[in-house]
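Asks: Go by the hints and put chain B onto chain A.
Protein sequences appear in the order of chains A and B.
Mapping of the first sequence onto this note's numbering: residues 1 to 98, in sequence order.
Mapping of the second sequence onto this note's numbering: residues 1 to 180, in sequence order.
Careful, some of the hints might be misleading.
Here are some chain A residues the structure puts well away from chain B; computed CB gaps all over 10 Å [stated by the list, open to error]: (1) G20; (2) A45; (3) N48; (4) E55; (5) G85.
Anything over 12 Å on all C-beta distances counts as not near chain A; from chain B, calculated [as the list claims (entries may be wrong)]: (6) P11; (7) R20; (8) P23; (9) N42; (10) V43; (11) Q89; (12) V101; (13) A145; (14) G154; (15) S164; (16) F172.
Computed list of lysine to any residue pairs in SDA-like fashion (alpha-carbon distance at most 25 Å, straight line) [as the list claims (entries may be wrong)]: (17) B/K144 / A/G51; (18) B/K144 / B/A32; (19) B/K144 / A/M1; (20) B/K144 / B/R178; (21) B/K144 / A/F66; (22) B/K144 / A/G10; (23) B/K144 / B/I29; (24) B/K144 / B/R163; (25) B/K144 / B/R20; (26) B/K144 / B/G122; (27) B/K144 / A/N48; (28) B/K144 / B/Y168; (29) B/K144 / B/L127; (30) B/K144 / B/A12; (31) B/K144 / A/P28; (32) B/K144 / A/P13; (33) B/K144 / A/G85; (34) B/K144 / A/A30.
For the record, the hints were derived by calculation from the structure and aren't laboratory data.
This one's a predicted model, so the numbers in the text were calculated from it and none came from an experiment.
Even for Gly, the Cβ is constructed at its ideal location relative to N, Cα and C.
Chain by chain, the residues run as shown.
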Amino acid sequence: MLLIECPFCGARPELEFVYGGEAHIARPAADADLTPGQWAAYLYARSNTRGVHAERWRHTRGCGRFFNALRDTTTDQFIATYEIGQARPPSVPAQKIP
Amino acid sequence: MAEPAALRRTPAIPATPGVRLLPPAARFILRADRHTLGIAGNVLGIGAAPGSCRASQAGMRAALWLGPDEYLLLAPEAEAPGLATALEQALQGEPHSLVDVSHRQTALEMSGSRAAEILSSGCPLDLDVTAFPIGMCTRTVFAKAEIVLWRTAGDTFRLEVWRSFTDYVARFLDEVVREY
Chain A
1 MLLIECPFCG
11 ARPELEFVYG
21 GEAHIARPAA
31 DADLTPGQWA
41 AYLYARSNTR
51 GVHAERWRHT
61 RGCGRFFNAL
71 RDTTTDQFIA
81 TYEIGQARPP
91 SVPAQKIP
Chain B
1 MAEPAALRRT
11 PAIPATPGVR
21 LLPPAARFIL
31 RADRHTLGIA
41 GNVLGIGAAP
51 GSCRASQAGM
61 RAALWLGPDE
71 YLLLAPEAEA
81 PGLATALEQA
91 LQGEPHSLVD
101 VSHRQTALEM
111 SGSRAAEILS
121 SGCPLDLDVT
131 AFPIGMCTRT
141 VFAKAEIVLW
151 RTAGDTFRLE
161 VWRSFTDYVA
171 RFLDEVVREY
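The shape of chain A in the complex, shown without the other chains (with noise of 0.2 Å):
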């Protein structure tokens, strides 16, 4: 099973988590003047990034909050956790799995 690394709890079985969709996605700022294809590009685009993905965890079965990872979708190892509102850290390759 993955251990994810809560920043508030440390690493914890993957079990008490759940996933929260692609992170440091903000919300426009004068959202009742978009067009409808502004809104539904912020509501629905997202990257599908292959390799290092920012998205946001929540410990669900534990502290409940929320953070952010990095993770590589390629590989499904987690590179770095962060709390919400930290900027995302630079994105190292994960390193190859033996």
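Replies: Okay, now just chain B, sitting in the frame of chain A:
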């Protein structure tokens, strides 16, 4: 389906060696920062506020850290009304949320030299005393139920289980204990 009130208060569980249903208790969920928790801690008389994944205890009263701003306060059942009033008075003016959840949960106690091993059948955490020391508490999963697990002594754990899961958790433990 109607259930007798007495059964709701103390659900029937299988007689399992090492597993015991604890008496009803007063429970509060306090959502507040550490400063406000400190004030509540003074009312409870538990001393220092607990750190991450830790519980502070004094006699039958305790505060359990569940999240950075979420705490579970425990006390004997008879103290519930007085404690609620005292907490509300002490916390006046402080941003917080205090909810009485006494009847939401029941408590099971798992004890014995193999308690950690038995709980590991359903809980994915490392329950070795070096990784999960005495006084550590956390919300986690047990089989398919969500529980709050608290190590009160080297070989004793308290499980706070949501009421409707009590039967499931107790029967699950009963089945596991048959192996030992």
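Asks: Confirm or reject each hint.
Replies: Do the hints match the structure? See the list:
no. : hint            : verdict
1   : G20             : 16 Å, holds
2   : A45             : 32 Å, holds
3   : N48             : 30 Å, holds
4   : E55             : 20 Å, holds
5   : G85             : 13 Å, holds
6   : P11             : 22 Å, holds
7   : R20             : 24 Å, holds
8   : P23             : 26 Å, holds
9   : N42             : 24 Å, holds
10  : V43             : 24 Å, holds
11  : Q89             : 28 Å, holds
12  : V101            : 15 Å, holds
13  : A145            : 10 Å, violated
14  : G154            : 21 Å, holds
15  : S164            : 17 Å, holds
16  : F172            : 15 Å, holds
17  : B/K144 / A/G51  : 32 Å, violated
18  : B/K144 / B/A32  : 29 Å, violated
19  : B/K144 / A/M1   : 16 Å, holds
20  : B/K144 / B/R178 : 20 Å, holds
21  : B/K144 / A/F66  : 22 Å, holds
22  : B/K144 / A/G10  : 22 Å, holds
23  : B/K144 / B/I29  : 23 Å, holds
24  : B/K144 / B/R163 : 14 Å, holds
25  : B/K144 / B/R20  : 20 Å, holds
26  : B/K144 / B/G122 : 8 Å, holds
27  : B/K144 / A/N48  : 31 Å, violated
28  : B/K144 / B/Y168 : 9 Å, holds
29  : B/K144 / B/L127 : 18 Å, holds
30  : B/K144 / B/A12  : 20 Å, holds
31  : B/K144 / A/P28  : 39 Å, violated
32  : B/K144 / A/P13  : 14 Å, holds
33  : B/K144 / A/G85  : 32 Å, violated
34  : B/K144 / A/A30  : 43 Å, violated
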